[in-house]
Each structure stands twice: as C-alpha cells, then as structure tokens.
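Participant: Sequence:
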Amino acid sequence: MSKTIEERIVDLEVHIAHQNETIETLNDVVSNQAQVIDRLVGAMGQMKDHLLDTQELVEQVPNNQKPPHY
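Each residue of the sequence shown is one higher than the last, beginning at 2 in the working numbering.
Careful: at least some of the hints might be erroneous.
What the hints assert, rightly or not - Below are the SDA-like pairs computed for lysine to any residue, each with C-alpha atoms no more than 25 angstroms apart in a straight line: (1) Lys49 / Gln61; (2) Lys67 / Gln47; (3) Lys49 / Lys67; (4) Lys67 / Glu57; (5) Lys4 / Glu14; (6) Lys4 / Val15; (7) Lys49 / Gln36; (8) Lys4 / Asn28; (9) Lys49 / Glu60; (10) Lys49 / Val62.
Hints in this document: simulated from the structure, not taken from any laboratory.
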C-alpha cells in the first residue's frame, strides 16, 4: 500500500516539527554552555591573577632568609 501525497506531506510536516523541537533544545543547551564557559573563563582569570600575586610575593622573600621561628 502506497501512501498518498497528502499522507507523505503530513509525515514530512511531523518530521520537520520534531527537528525544529530538537534544534530549539540544542540551541538552549549551547546557550547554557556558553554562559558556563564565560563564568569559567572569568574564574580562570581570577585564579591566574591570584597565582601571579602569590608568585610575586614568593619572589620578594630572599632564599637565604631563615624562617621567623629560628
């Protein structure tokens, strides 16, 4: 039994509707991931700044200086 043109068109419309829903869902996921990435990039920048500040403090202490408990 062959489908009529009308049945085939309905099937295609249903298929397209499902694809559109999938595209919208994927778009939401990508948008959320972009926000997470932006927050992570910001956090990494803060950690880098903190690490550089710590490194500068370590470099200021002379290597031959005895700790204060001596």
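Participant: If a hint holds in the structure, say so; if it doesn't, say that too.
Facilitator: Do the hints match the structure? See the list:
{"no.": "1", "hint": "Lys49 / Gln61", "result": "holds, 18 angstroms"}
{"no.": "2", "hint": "Lys67 / Gln47", "result": "violated, 31 angstroms"}
{"no.": "3", "hint": "Lys49 / Lys67", "result": "violated, 29 angstroms"}
{"no.": "4", "hint": "Lys67 / Glu57", "result": "holds, 19 angstroms"}
{"no.": "5", "hint": "Lys4 / Glu14", "result": "holds, 15 angstroms"}
{"no.": "6", "hint": "Lys4 / Val15", "result": "holds, 15 angstroms"}
{"no.": "7", "hint": "Lys49 / Gln36", "result": "holds, 20 angstroms"}
{"no.": "8", "hint": "Lys4 / Asn28", "result": "violated, 34 angstroms"}
{"no.": "9", "hint": "Lys49 / Glu60", "result": "holds, 16 angstroms"}
{"no.": "10", "hint": "Lys49 / Val62", "result": "holds, 20 angstroms"}
Checked against the numbered hints above, the structure violates hints 2, 3, 8; every other hint is satisfied.
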